[in-house]
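For the record, the sequence lines run as chains A and B. For the first sequence, the numbering used here assigns the number 1 to the initial residue and increments by one for each residue that follows. For the second sequence, the numbering used here assigns the number 1 to the initial residue and increments by one for each residue that follows.
Be aware that a few hints might be false.
Distance condition first, Cα-Cα at most 25 Å in a straight line; then the derived SDA-like pairs of lysine to any residue [unchecked claim]:
1) 59(A) <-> 31(B)
2) 29(B) <-> 195(B)
3) 88(A) <-> 328(B)
4) 35(B) <-> 16(A)
5) 17(B) <-> 450(B)
6) 289(B) <-> 142(A)
7) 289(B) <-> 16(A)
8) 27(B) <-> 205(A)
9) 27(B) <-> 204(A)
10) 88(A) <-> 192(B)
11) 88(A) <-> 450(B)
12) 25(A) <-> 77(B)
13) 35(B) <-> 210(A)
14) 382(B) <-> 16(A)
15) 25(A) <-> 44(A)
16) 59(A) <-> 42(B)
17) 88(A) <-> 316(B)
18) 35(B) <-> 106(A)
19) 35(B) <-> 289(B)
20) 382(B) <-> 450(B)
Just so you know, the hints here were simulated from the structure itself, not pulled from any lab data.
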Amino acid sequence: MNNNAREQILSDIRRALNRTTSLHKSVSAALMARLAGHSVHVQPVVETDLVNRFIAKSKAVASTVVTVPSLMQVPEAVTQYLTTSSQKLEVVMAPDPLLDDIDWPTSMKIERRQAGRQDVVSITGVFAAIAETGTLVLLSGAHSPTTLNFLPDIHIAIVRRQQIITHIEDVWRQIRSELEGMPRTVNLITGPSRTADIEQTIQLGAHGPRSQHVIVVDAE
Amino acid sequence: MRVTSQAFRTRAAVALKNVELQRAMAKAKGGFVDKRRVAIEALPEFEQLRSVAREIKEHTLSHLDYYLERFESQVIASGGHVHWARTPAEACEIVVGICGGVGARSVTKGKSMVGEEIAINPALENAGLEVIETDLGEYIIQLAKEPPSHIIAPAVHKTRDQVTDLFQEHHSRYGYNQRVTEIPDIVNEARQVLRDAFLSADVGITGANFLVAETGSTIIVTNEGNGDLTNTLPAVHIVTASIEKVVPTLEDATAILRLLARSATGQEMSSYTTFSTGPRRSTDLDGPKEFHVVLVDNGRSQMLGNEFHEMLRCIRCGACLNHCPVYGAVGGHAYGWVYPGPMGSVLTPLMVGLEKANHLPNACTLNGRCEQVCPMSIPLPKMLRQLRVREFEQRLTPARMRWGLSIWTYLARRPHLYQPVMSILVRLLEILGRKRGRFRYLPFAHGWTKVRDMPAPQGQTFQRAWRQSGDGSRL
Ligand code: SF4
Chain A
1 MNNNAREQIL
11 SDIRRALNRT
21 TSLHKSVSAA
31 LMARLAGHSV
41 HVQPVVETDL
51 VNRFIAKSKA
61 VASTVVTVPS
71 LMQVPEAVTQ
81 YLTTSSQKLE
91 VVMAPDPLLD
101 DIDWPTSMKI
111 ERRQAGRQDV
121 VSITGVFAAI
131 AETGTLVLLS
141 GAHSPTTLNF
151 LPDIHIAIVR
161 RQQIITHIED
171 VWRQIRSELE
181 GMPRTVNLIT
191 GPSRTADIEQ
201 TIQLGAHGPR
211 SQHVIVVDAE
Chain B
1 MRVTSQAFRT
11 RAAVALKNVE
21 LQRAMAKAKG
31 GFVDKRRVAI
41 EALPEFEQLR
51 SVAREIKEHT
61 LSHLDYYLER
71 FESQVIASGG
81 HVHWARTPAE
91 ACEIVVGICG
101 GVGARSVTKG
111 KSMVGEEIAI
121 NPALENAGLE
131 VIETDLGEYI
141 IQLAKEPPSH
151 IIAPAVHKTR
161 DQVTDLFQEH
171 HSRYGYNQRV
181 TEIPDIVNEA
191 RQVLRDAFLS
201 ADVGITGANF
211 LVAETGSTII
221 VTNEGNGDLT
231 NTLPAVHIVT
241 ASIEKVVPTL
251 EDATAILRLL
261 ARSATGQEMS
271 SYTTFSTGPR
281 RSTDLDGPKE
291 FHVVLVDNGR
301 SQMLGNEFHE
311 MLRCIRCGAC
321 LNHCPVYGAV
331 GGHAYGWVYP
341 GPMGSVLTPL
351 MVGLEKANHL
361 PNACTLNGRC
371 EQVCPMSIPL
381 PKMLRQLRVR
391 EFEQRLTPAR
401 MRWGLSIWTY
411 LARRPHLYQP
421 VMSILVRLLE
431 ILGRKRGRFR
441 YLPFAHGWTK
451 VRDMPAPQGQ
461 TFQRAWRQSG
471 DGSRL
C-alpha cells in the first residue's frame with residue numbers, strides 16, 4: 001500500500017478542515033455516539049396493511065405476484081407459473097433449510113446450489129421484504145448464494161407474510177439483531193432487470209432476470 | 001481521457017447541427033424530467049429529505065478524515081483491502097497492479113464515473129488486459145469508441161439505428177449476423193454476448209454510489225443487474241470510489257437513497273441496490289475471493305477547503321443535466337471531458353484546471369433550474385459565477401471582453417461619469433436606429449444580432465426617466 005498517498009490525503013483533508021491534530025476526545029466521542037445511534041431520518045408514510053402495500057408496490061415495478069394460503073400450496077403455484085410461461089419444470093434452488101419443508105413434486109427437477117450459465121429458473125427464499133418500495137432483501141450466505149438472484153432468466157422468490165417489514169431501515173435493524181455484522185452481499189431487489197439505454201425506452205431483462213416472480217405465503 | 005473542453009464553442013456549434021444527435025436528444029428530452037416530477041410529487045417528504053441529506057453530507061464532509069479511516073478499518077476487518085490514490089495515475093497503477101498480481105487477463109466493468117475520471121480502461125488495455133464495459137449504455141459507447149455523454153445514460157446521444165449498426169459491425173464475430181433493429185432484440189443480443197464476458201472475467205470493477213463508514217460496505221445502484229454480475233462472478237472485485245462518497249451509517253445511506261433514484265430516473269428504487277462488504281465468507285457458495293476498494297482524491301481534498309466544497313455533496317443523479325437547456329441543446333460531448341452539464345461545468349475546471357475548461361462556466365444562462373432540482377441543494381449557479389470570477393482574475397477571459405468589462409467597471413464606479421456617457425450613447429443609438437426601431441447588426445454585439453435584432457433605445461436612459469417621474473410610478 002502506498003502509505004504516502006494515504007497520509008497525504010488525510011492531512012490535506014485535515015488542513016482543508018482547519019485542523020492539524022487528530023480529533024478532540026469529545027468530538028470523537030460524539031462521532032462514535034452518532035455511529036452507534038443508527039438514528040433513522042425522515043421516512044415515507046407506509047399504510048398499516050403491509051402485505052397489500054408490498055404486493056401493490058411489487059406490481060408497480062413489473063414483478064408478478066401470487067398469494068398462496070400456506071407453504072403447502074407453493075409447489076402448485078410454481079408449477080402453474082412455469083407452465084404458463086412455457087418453461088420446463090427445472091429449477092435451481094437455494095440450499096435454504098426453510099425451503100426443505102416444502103413438498104416438491106417428483107416431476108420437478110431440482111438442484112440445490114448456486115446458479116450457473118445454463119440455469120433458467122431459480123427459486124429462493126428472502127431475508128425480508130420491504131412494503132415501502134416492494135423490495136426483496138436477500139443476503140449472501142451458505143443458504144443463499146447471490147448468483148441465484150442474477151444469472152437465471154426467471155427468479156422466483158418465496159416471501160412469508162411475517163417477513164414483510166415496513167421500511168428499508170428495518171432491514172438494518174434486523175441484520176444487527178440477527179447476524180454478526182454485514183454479510184458479503186446485501187441485495188435489495190425491486191423488480192426485474194431493466195434498461196432504458198436505447199432511446200429511453202424501458203426494456204426488461206437487460207442482464208439480470210427477465211422476470212421477477214414473487215409468491216407470498218399468507219400463513220401466520 | 002483527453003480534455004477537449006477548450007473547444008466547447010466549436011463543438012457546441014457542431015452539435016447543434018448534428019441531425020442524429022438532435023434526434024436522440026429530442027427523444028430523451030422530457031422523459032427524465034416528467035418521470036422525476038411524478039416521483040417527487042408522490043413523496044410528500046421529499047423536501048424534508050432534501051434538507052436531511054444535505055445535513056448528513058455536510059456533517060460527513062466536516063469529519064471526512066474520521067469517516068474515511070473508520071470505513072477503511074471496517075473494510076479491513078471484513079477481510080478486504082483499501083488503497084489510497086491522490087491522482088488518476090496512482091489509482092490506475094493500483095488497479096493495474098491488483099490485476100497483475102492475480103494474473104488477470106480479462107476485466108468486466110460496471111458503470112463508474114470515477115473509472116472514467118481516472119481513465120482506467122486505457123490504463124488496463126495498455127497493460128494487456130481485455131476490458132469489457134457491461135452497462136448497456138457504456139458497452140455501446142465502448143464499441144463506438146466514444147466517451148459517455150450523460151452521467152447516468154452514457155449513450156443517450158445514440159439513436160437506435162446507430163446502435164443497430166454498431167452491433168452488426170461488432171457482433172458478427174460471435175456469430176450474430178442478423179441485423180437487429182427492435183429494442184427488445186438489441187437488448188437481448190447484448191445480453192447474450194456479455195454473458196460469456198461475465199462468466200469468464202478474472203476481475204470485476206465497479207464504482208460506488210456510497211461508502212458506509214459504519215460497516216465498510218460499498219453500495220451500487222443499478223437497473224440492469226450488470227453491476228451485480230460484475231461484483232459476484234469474477235474472483236476479484238475492485239471498487240473505485242472517490243473520497244466524498246462516504247456516509248456514516250446505513251440509515252444515512254438510506255435517506256439519501258430515497259432521493260437518488262427519484263431524482264435520476266424517477267424510480268422509487270432502482271431495480272438493484274447492492275451492499276458489498278468484504279470478500280466471500282468461508283461458507284459462501286459464490287462471490288469474489290478478494291475485495292479491494294481504491295479511494296481516489298483527485299482534487300477533492302482541495303475543494304473541501306474552498307468555496308466549491310458544496311460540490312462534494314453531489315450524488316451524480318444527473319437531474320441538473322436533464323433540466324439544463326444548454327445541455328439539452330448541445331449534448332454531453334461538447335463539454336469535452338467526463339462530466340457534462342451544470343455539475344460538469346463546475347467539476348471539470350476544478351479537476352482539470354480552469355485554463356483547460358474556462359468556457360464551461362460561461363455555457364450557462366443562470367436560469368437556476370439545476371439548483372432547484374438538485375436533491376443535494378448544491379448552489380450550481382453561484383459556483384459557476386464564482387468560476388467566472390476566477391476566470392477573469394486569472395486573465396483567461398478573452399481580451400475584448402476583459403476590456404469591455406474594465407471600461408464598464410470604471411464607469412459604473414463613477415456615477416458622475418457613468419450618467420453623461422450613457423446618455424450620449426443611448427442618444428446616439430436612438431438616432432442611428434430611429435428609422436427601423438431596431439438593429440440588425442451592431443459592432444461588438446455580433447453574438448446577439450446574429451440570431452435576433454437589438455431593439456433601438458428610445459432616447460433616454462432609465463435613470464433620467466426615473467428622475468423625471470419623481471417616484472417611478474409613471475415609468
Ligand atoms: S449537482 Fe445535484 S442534480 Fe447535479 S448530479 Fe449532482 S446531485 Fe444531481
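Status of each hint after checking the structure:
no.: 1; hint: 59(A) <-> 31(B); verdict: holds, 22 Å
no.: 2; hint: 29(B) <-> 195(B); verdict: violated, 32 Å
no.: 3; hint: 88(A) <-> 328(B); verdict: violated, 48 Å
no.: 4; hint: 35(B) <-> 16(A); verdict: violated, 39 Å
no.: 5; hint: 17(B) <-> 450(B); verdict: holds, 16 Å
no.: 6; hint: 289(B) <-> 142(A); verdict: holds, 15 Å
no.: 7; hint: 289(B) <-> 16(A); verdict: violated, 37 Å
no.: 8; hint: 27(B) <-> 205(A); verdict: holds, 22 Å
no.: 9; hint: 27(B) <-> 204(A); verdict: holds, 19 Å
no.: 10; hint: 88(A) <-> 192(B); verdict: holds, 20 Å
no.: 11; hint: 88(A) <-> 450(B); verdict: violated, 67 Å
no.: 12; hint: 25(A) <-> 77(B); verdict: holds, 24 Å
no.: 13; hint: 35(B) <-> 210(A); verdict: holds, 22 Å
no.: 14; hint: 382(B) <-> 16(A); verdict: holds, 21 Å
no.: 15; hint: 25(A) <-> 44(A); verdict: violated, 36 Å
no.: 16; hint: 59(A) <-> 42(B); verdict: holds, 17 Å
no.: 17; hint: 88(A) <-> 316(B); verdict: violated, 43 Å
no.: 18; hint: 35(B) <-> 106(A); verdict: violated, 47 Å
no.: 19; hint: 35(B) <-> 289(B); verdict: violated, 40 Å
no.: 20; hint: 382(B) <-> 450(B); verdict: violated, 29 Å
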